[in-house]
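Asker: Letter by letter, the chains look like this.
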Amino acid sequence: MAWTRKDLVSMQDLEPAEIGDVLDTAESMKEIATREIKKVPTLRGKTVVNLFYEASTRTRTSFEIAGKWLSADVINFSASGSSADKGESFLDTAKNIEAMSPDVVVVRHKAAGGPALLARHLRCAVVNAGDGAHEHPTQALLDLLTIREKKGHLEGLNVTIVGDITHSRVARSNIHGMRKMGMTVTVAGPPTLIPPACQEMGVKVSHRLEEAIAHADVIMMLRLQHERMTGGFIPSLREYSRVWGLSLDRLQHCRPDVLIMHPGPVNRGVEISPEVADSPYSVILDQVTNGVAVRMAVLYLLAGGKAA
Amino acid sequence: MTVREKAEVLDAAGLDRALTRIGHEIVEQAGGADLALVGIKTRGETLADRIAGKIAGIEGKRPAVGALDITLYRDDLGSRAEQPQVRSTEIPFPLKGITVVLVDDVLFTGRTIRAAMDALMDLGRPRVIRLAVLIDRGHRELPIRPDYVGKNLPTSRKETVAVMLTEHDGQDRVVIQEPEENESPAGAQAGREAAAKPRRTLRKGREG
Amino acid sequence: MSLLIKGGRVVDPANEHDAVADVLVVDGRIAKIGRGLKAPEGTEVVAAADKVVCPGLIDIHVHFREPGYEYKETIATGTRAAAAGGFTAVACMANTLPVNDNRSVTDFIMAKARVEGVVRVYPIGAVTRGLKGKELAEMAELAEAGCVAFSDDGQCVMNAEVYRRAMEYALPFGAPLISHAEDENLAHRGAMHEGLVSTELGLLGQPWVAEDVMVARDILLAELTGAHVHIAHISTAGAVRLVREGKARGVRVTAEVTPHHLVLTDDAVREYDPNTKMAPPLRTKRDVEAVLEGLLDGTIDCIATDHAPHALSEKEGEFGECANGVVGLETAVSVLLDRLVRTGRMDLPTLVARLSSGPARLLNLPGGSLAQGAPADITVLDLEREWTVEPSRFRSRSRNTPFAGQTGKGAPVLTIVGGTVVTA
Chain C
1 MAWTRKDLVS MQDLEPAEIG DVLDTAESMK EIATREIKKV PTLRGKTVVN LFYEASTRTR
61 TSFEIAGKWL SADVINFSAS GSSADKGESF LDTAKNIEAM SPDVVVVRHK AAGGPALLAR
121 HLRCAVVNAG DGAHEHPTQA LLDLLTIREK KGHLEGLNVT IVGDITHSRV ARSNIHGMRK
181 MGMTVTVAGP PTLIPPACQE MGVKVSHRLE EAIAHADVIM MLRLQHERMT GGFIPSLREY
241 SRVWGLSLDR LQHCRPDVLI MHPGPVNRGV EISPEVADSP YSVILDQVTN GVAVRMAVLY
301 LLAGGKAA
Chain S
1 MTVREKAEVL DAAGLDRALT RIGHEIVEQA GGADLALVGI KTRGETLADR IAGKIAGIEG
61 KRPAVGALDI TLYRDDLGSR AEQPQVRSTE IPFPLKGITV VLVDDVLFTG RTIRAAMDAL
121 MDLGRPRVIR LAVLIDRGHR ELPIRPDYVG KNLPTSRKET VAVMLTEHDG QDRVVIQEPE
181 ENESPAGAQA GREAAAKPRR TLRKGREG
Chain D
1 MSLLIKGGRV VDPANEHDAV ADVLVVDGRI AKIGRGLKAP EGTEVVAAAD KVVCPGLIDI
61 HVHFREPGYE YKETIATGTR AAAAGGFTAV ACMANTLPVN DNRSVTDFIM AKARVEGVVR
121 VYPIGAVTRG LKGKELAEMA ELAEAGCVAF SDDGQCVMNA EVYRRAMEYA LPFGAPLISH
181 AEDENLAHRG AMHEGLVSTE LGLLGQPWVA EDVMVARDIL LAELTGAHVH IAHISTAGAV
241 RLVREGKARG VRVTAEVTPH HLVLTDDAVR EYDPNTKMAP PLRTKRDVEA VLEGLLDGTI
301 DCIATDHAPH ALSEKEGEFG ECANGVVGLE TAVSVLLDRL VRTGRMDLPT LVARLSSGPA
361 RLLNLPGGSL AQGAPADITV LDLEREWTVE PSRFRSRSRN TPFAGQTGKG APVLTIVGGT
421 VVTA
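Chains as they are written, first to last, in the working numbering: chain C, 1 to 308; chain S, 1 to 208; chain D, 1 to 424.
In case anyone wonders, no lab produced these hints; they're calculated from the structure. Just so you know, these numbers come straight off a predicted model, no measurement behind them. Glycine included, C-beta positions come from ideal geometry on N, C-alpha and C. Careful, some of the hints might be misleading.
[As the list claims (entries may be wrong)] So the derived label-pair ranges between C-beta atoms look like this:
| no. | chain 1 | residue 1 | chain 2 | residue 2 | range |
| --- | --- | --- | --- | --- | --- |
| 1 | C | K6 | S | R145 | 40 to 46 angstroms |
| 2 | S | R145 | C | K68 | 55 to 61 angstroms |
| 3 | C | R123 | S | I58 | 56 to 62 angstroms |
| 4 | S | P143 | C | A17 | 36 to 42 angstroms |
| 5 | C | E149 | S | V128 | 32 to 38 angstroms |
| 6 | D | G405 | C | N96 | 25 to 31 angstroms |
| 7 | C | V205 | D | S313 | 36 to 42 angstroms |
| 8 | C | R58 | S | K151 | 50 to 56 angstroms |
[To be verified] With a cut-off of at most 27 angstroms between alpha-carbon atoms, the simulated BS3-like pairs for lysine-lysine come out as follows:
| no. | chain 1 | residue 1 | chain 2 | residue 2 |
| --- | --- | --- | --- | --- |
| 9 | D | K285 | D | K409 |
| 10 | S | K96 | C | K38 |
| 11 | S | K41 | S | K158 |
| 12 | S | K151 | S | K41 |
| 13 | C | K30 | S | K96 |
| 14 | C | K39 | C | K6 |
| 15 | C | K151 | C | K204 |
| 16 | C | K39 | S | K96 |
| 17 | C | K38 | S | K151 |
| 18 | C | K110 | C | K38 |
| 19 | C | K6 | C | K95 |
| 20 | S | K151 | S | K54 |
| 21 | D | K32 | D | K6 |
| 22 | C | K39 | C | K68 |
| 23 | D | K409 | D | K6 |
| 24 | S | K41 | C | K150 |
| 25 | C | K204 | D | K285 |
| 26 | C | K110 | C | K6 |
| 27 | C | K30 | C | K68 |
| 28 | C | K68 | S | K41 |
| 29 | C | K38 | C | K68 |
| 30 | C | K150 | C | K204 |
| 31 | C | K180 | C | K6 |
| 32 | C | K151 | C | K30 |
| 33 | C | K150 | C | K30 |
| 34 | C | K30 | S | K41 |
| 35 | C | K180 | C | K151 |
| 36 | S | K41 | C | K39 |
| 37 | S | K96 | S | K41 |
| 38 | S | K96 | C | K68 |
Work the whole structure out from these sequences, hints included.
Answerer: Structure representation (structure tokens):
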């Protein structure tokens with residue numbers, strides 16, 4: 001296998017072969033979810049700590065299930081209501097946890113760069129479960145797995161990511177991952193929500209939804225956060241939804257085999273209409289299933305090697 | 001690591017006859033009970049398929065065939081530099097109450113079979129598990145014994161046994177290999193570890 | 001104190017001198033510069049062959065954190081850092097605690113400097129009370145107490161009307177207003193420069209326009225009022241262009257640039273090292289080229305470090321949360337000698353001018369020249385001295401430098417203030 005890294009911090013760091021390793025491993029591990037006894041002994045005796053500074057039930061639960069199905073001991077450490085509240089610094093908290101000898105620390109933090117800092121300072125493996133607006137690598141990996149499963153391949157596909165790209169770690173990770181796998185990426189949204197120099201990341205930028213999704217094989221809708229309104233980026237949710245929301249009649253002008261994806265949680269009626277979310281084009285729930293498989297694969301690849 | 005062929009143990013005809021005999025033995029012992037073959041990836045799967053074909057020829061009915069990847073059950077994970085590749089397990093039938101015959105190409109230390117049994121137990125509760133191997137080369141490290149053997153082959157530890165099958169290697173042959181003169185046993189062992197790869201592996205590299 | 005500095009290359013741009021000569025110091029003043037000078041009785045001889053002897057370097061933008069933030073730096077430690085870096089004089093900013101917006105704080109600083117400082121310290125007074133940007137500070141009193149300029153540095157005076165009145169009010173004192181040009185709203189607390197790097201890192205960036213908008217405003221206000229406005233830590237190509245055009249129009253605008261803005265770009269931030277976080281942030285290659293060009297053609301009058309010490313805990317952790325600022329006194333001269341002079345981008349006399357006569361003239365300070373009778377503030381440089389930046393050995397109390405571990409050639413080796421050697 002190509003994977004020899006101690007940590008998974010960003011998609012930007014990975015080679016296509018490493019991404020392939022994760023996807024292949026995840027695919028092989030999917031069948032565990034179909035067993036009556038969802039357990040394999042692979043990570044027995046390994047300890048995985050979920051260090052989540054930002055509330056996130058979905059991602060954390062996904063990592064927890066992944067770890068438990070692999071027989072690892074999974075500990076959830078939610079930093080609100082903990083020493084972090086009492087003013088303990090991020091690095092101190094992480095070092096304290098390391099002193100308890102975990103094998104993997106999965107960290108989500110609202111500040112970009114946190115997991116990179118931990119990866120440098122901690123001996124154990126570090127997985128980035130989302131750092132501010134920077135990256136969310138396991139999300140991109142599960143998105144790639146889902147697309148590959150449905151389309152049979154990745155190279156040459158056209159993907160359009162729609163929404164608040166500026167504040168989206170999911171968008172950044174996917175842009176890096178998709179480009180490495182030979183896909184063409186277009187980002188679409190109001191100019192205020194497209195980050196500076198975005199084109200230089202190797203993507204096409206569009207400010208017209210219909211145009212951007214017309215030839216897409218995959219449309220990925222991003223969640224619009226309410227803070228964007230108060231921040232003066234868009235005038236109102238109503239206008240955003242009207243101009244940028246994916247409705248059923250907008251969908252009619254897309255390819256008949258288009259996939260609709262969303263990292264969740266979905267704001268029904270804002271970025272995506274309920275009919276579209278529940279339509280046969282949507283693979284949103286497959287994304288969730290694949291999330292567990294991908295996280296099992298990542299834990300397997302990181303928790304075994306003593307190469308570091 | 002460089003090896004050279006020391007001797008051919010089975011040619012294509014010999015291999016085929018061995019599988020035919022194994023097929024008969026399995027059928028005889030099963031006595032009509034519900035039977036399934038589970039091949040251990042990768043070459044065990046191919047052999048299971050062939051044996052199933054033999055049994056179809058004998059009984060007129062082909063037994064169910066599944067494939068098992070034991071990577072997640074290995075006892076040597078975490079002590080290797082790289083994680084071994086995980087392949088998928090496909091057992092599309094219930095195991096409860098069935099006679100399962102595990103099929104593998106070479107039986108050596110027994111650790112692979114131990115892992116395979118653990119995997120099967122996690123997947124269901126077979127009535128009985130039996131073991132069919134093409135080659136038994138000795139040097140067991142665990143108390144595991146095969147029920148059906150193609151050929152017993154005493155070997156020394158530094159030798160390696162390579163099972164070649166048309167589907168994977170373009171020909172049907174079993175050979176014994178030994179390391180080239182200058183090669184130390186440790187070097188050969190390390191080479192075996194490194195050679196645990198799909199397709200063109202010429203020898204069994206799963207055991208530890 | 002009497003000294004004879006023998007055989008060095010004496011570079012004194014203020015007096016257009018660049019030749020090998022001896023420098024004789026008597027009773028703390030420059031007595032004579034010439035060849036083959038004899039040392040009178042009791043004169044210490046300093047061998048300076050193959051070294052450069054220049055006027056004591058002056059840094060007009062440092063933060064000494066005393067009173068109020070002594071855990072980061074004190075006047076004692078800060079002046080020792082200055083001396084180690086080859087500086088004989090510094091001007092220190094008003095964002096202490098309490099703010100230097102009244103004479104008692106100025107007096108405190110000057111007294112501390114007299115007793116515990118090893119180089120000359122010139123205080124800069126606040127423009128507005130408490131740096132709040134609303135009411136004028138008592139600038140007449142501050143000037144009387146010894147402040148050499150006024151600045152709310154650390155903050156931008158956002159209200160243009162207030163800043164206009166400040167410029168007008170300060171006119172009689174002959175001291176410039178030093179502008180920290182940063183539109184707070186456009187900068188929106190961006191942690192680094194807004195561009196491709198900030199986009200890839202997922203960090204909020206502040207656009208070049210946040211600086212340019214205020215530089216334009218300050219130049220226009222200076223044009224209206226006739227005041228001397230000095231742009232602190234200029235960093236964008238656009239701002240340099242605005243200053244150049246302002247000067248051409250006859251506006252009394254001057255500017256300074258930091259060593260880090262002359263050699264580092266926003267790529268340095270890719271590792272999320274908080275020691276690359278400062279305001280204004282590191283910019284693009286294009287901006288670095290533009291400020292260097294501005295420094296060479298005199299649009300930018302001097303180099304000033306914006307030495308901003310912070311404790312380890314304030315520069316460790318999440319990038320966005322860390323304090324802005326890096327120390328600079330102990331690395332400035334070495335880095336500039338290695339990265340600009342040794343590479344031929346800038347000649348030595350120009351560098352010396354931008355670090356001595358330039359700043360002295362801007363703030364009307366004694367120094368920046370080796371004229372006969374001038375106070376013997378002298379810096380000796382060794383262009384061959386090899387160095388590695390080791391923050392653990394800094395004289396400063398703080399270690400937050402973006403140059404940790406870097407190596408180069410060319411460093412200050414002796415610092416003399418009023419004829420007294422102040423480096424170990």
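Asker: Run every hint past the structure and note whether it holds.
Answerer: Results for each hint:
no. : hint                                 : result
1   : K6/C to R145/S: 40 to 46 angstroms   : 42 angstroms, holds
2   : R145/S to K68/C: 55 to 61 angstroms  : 35 angstroms, violated
3   : R123/C to I58/S: 56 to 62 angstroms  : 58 angstroms, holds
4   : P143/S to A17/C: 36 to 42 angstroms  : 41 angstroms, holds
5   : E149/C to V128/S: 32 to 38 angstroms : 37 angstroms, holds
6   : G405/D to N96/C: 25 to 31 angstroms  : 28 angstroms, holds
7   : V205/C to S313/D: 36 to 42 angstroms : 40 angstroms, holds
8   : R58/C to K151/S: 50 to 56 angstroms  : 55 angstroms, holds
9   : K285/D to K409/D                     : 23 angstroms, holds
10  : K96/S to K38/C                       : 16 angstroms, holds
11  : K41/S to K158/S                      : 24 angstroms, holds
12  : K151/S to K41/S                      : 20 angstroms, holds
13  : K30/C to K96/S                       : 22 angstroms, holds
14  : K39/C to K6/C                        : 24 angstroms, holds
15  : K151/C to K204/C                     : 22 angstroms, holds
16  : K39/C to K96/S                       : 18 angstroms, holds
17  : K38/C to K151/S                      : 37 angstroms, violated
18  : K110/C to K38/C                      : 33 angstroms, violated
19  : K6/C to K95/C                        : 17 angstroms, holds
20  : K151/S to K54/S                      : 18 angstroms, holds
21  : K32/D to K6/D                        : 12 angstroms, holds
22  : K39/C to K68/C                       : 7 angstroms, holds
23  : K409/D to K6/D                       : 23 angstroms, holds
24  : K41/S to K150/C                      : 26 angstroms, holds
25  : K204/C to K285/D                     : 25 angstroms, holds
26  : K110/C to K6/C                       : 22 angstroms, holds
27  : K30/C to K68/C                       : 14 angstroms, holds
28  : K68/C to K41/S                       : 25 angstroms, holds
29  : K38/C to K68/C                       : 9 angstroms, holds
30  : K150/C to K204/C                     : 24 angstroms, holds
31  : K180/C to K6/C                       : 21 angstroms, holds
32  : K151/C to K30/C                      : 17 angstroms, holds
33  : K150/C to K30/C                      : 15 angstroms, holds
34  : K30/C to K41/S                       : 17 angstroms, holds
35  : K180/C to K151/C                     : 17 angstroms, holds
36  : K41/S to K39/C                       : 20 angstroms, holds
37  : K96/S to K41/S                       : 22 angstroms, holds
38  : K96/S to K68/C                       : 25 angstroms, holds
Hint compliance for this structure: hints 2, 17, 18 are broken, all remaining hints hold.
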